[in-house]
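Asker: Use the sequences and the hints to build the structure in full.
To convert, note that position 26 of the sequence shown is 26 in the numbering used here; the numbers rise steadily by one, no gaps.
Treat the hints with caution; some may be incorrect.
[Unchecked claim] Estimated spans, in silico, between C-beta atoms of each pair:
hint, residue 1, residue 2, range
1, Pro38, Thr66, 32 to 40 Å
2, Gly151, Lys62, 40 to 48 Å
3, Arg65, Gly290, 37 to 45 Å
4, Asp40, Ala275, 41 to 49 Å
5, Arg15, Ala135, 17 to 25 Å
6, Val107, Ser254, 29 to 37 Å
7, Glu114, Ser205, 14 to 22 Å
8, Ala89, Ser129, 38 to 46 Å
FYI, nobody ran anything at the bench for these hints, they're computed from the structure. Think of the CB as a built atom: it goes at the ideal place given N, C-alpha and C, for glycine as much as any other residue.
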Amino acid sequence: MADSFSPHANPPPDRATRRPVFRLPPLACDCHAHVFGPFDRFPLPAKPAYLPALVPFPDYLKMLRTIGVSRAVLVQPSPYGTDNSAMMAALGSGEFPLRGIALIDDVTSGRELERLHWAGVQGCRIHLSGGNDEALLASLPGVAARIRPLGWHLQFYLDAARRPDIDELLLSLPVPVVIDHFGLVPAKDGTGSPGFQTLLRLARSGRCWFKLSAPYRISSQPPRFPDVTPIVRALLEAAPDRCVWGSDWPHPNSDYIPNDGDLVDMLPDWIPSAALQRKVLVDNPAALYGF
Numbered sequence: 001m002a003d004s005f006s007p008h009a010n011p012p013p014d015r016a017t018r019r020p021v022f023r024l025p026p027l028a029c030d031c032h033a034h035v036f037g038p039f040d041r042f043p044l045p046a047k048p049a050y051l052p053a054l055v056p057f058p059d060y061l062k063m064l065r066t067i068g069v070s071r072a073v074l075v076q077p078s079p080y081g082t083d084n085s086a087m088m089a090a091l092g093s094g095e096f097p098l099r100g101i102a103l104i105d106d107v108t109s110g111r112e113l114e115r116l117h118w119a120g121v122q123g124c125r126i127h128l129s130g131g132n133d134e135a136l137l138a139s140l141p142g143v144a145a146r147i148r149p150l151g152w153h154l155q156f157y158l159d160a161a162r163r164p165d166i167d168e169l170l171l172s173l174p175v176p177v178v179i180d181h182f183g184l185v186p187a188k189d190g191t192g193s194p195g196f197q198t199l200l201r202l203a204r205s206g207r208c209w210f211k212l213s214a215p216y217r218i219s220s221q222p223p224r225f226p227d228v229t230p231i232v233r234a235l236l237e238a239a240p241d242r243c244v245w246g247s248d249w250p251h252p253n254s255d256y257i258p259n260d261g262d263l264v265d266m267l268p269d270w271i272p273s274a275a276l277q278r279k280v281l282v283d284n285p286a287a288l289y290g291f
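Answerer: Shown next as structure tokens:
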């Protein structure tokens, strides 16, 4: 039988980044982005999770400088698996203040963890959205024990609505926890939904951080996503010292590709207070990522 593997091909980001009206404060940080390529140097595996557009590190730098970001965090994307080479090359370039979030597995050696750490990696990401979640959940205490000596955190891509009791497991881990993309809780379900109540319990624990990123993954109201604003403000009220912002550039595996200038101009709607803007964009990222 012929191999019918056909991963979803991603469109490129909007390369005509609009300079935002809102001026980000000095030392503002984009806490969630990915780079892909050049593919002759950093080839994809034979069967990637999806087919990303070619968007190497210089493309990301151009976008960052247009929107006025001064620091950034690269997150290892799933198509590359545990081959963190493209991200590591960016971290080692010296061209921009960067930190990284890696993907690791049970064969990632202690020596490799040390190499990632000294390059600027501050944590590893766990995907809890596939068909092998039970095995991953069972492995979390072991992963946390391995990364704890490095001072790393665990970042989770998860669907909190599917696992409204996930907070109990996450809070039992001996490392900080970061939830990205609003835990994929649909904005239309509101702040009273079981999934969002899980996020609030995590927020009120004092041990969980949140990335205010990728509103298009939980809302179908572009370009300003007004139904996400109550979600953001509830998280900020519960955990003002543990929320950070991320662009999710180049917006992989998404049906909606925003202009990154528009994402920045949403921030005053989400965070009206200048003092809180500085917390989310500058102070909180510095604390979480060691800038």
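Asker: May I ask which of the numbered hints given earlier this structure violates, with the numbers listed in increasing order?
Answerer: Those not satisfied are hints 1, 2, 3, 5, 7 and 8.
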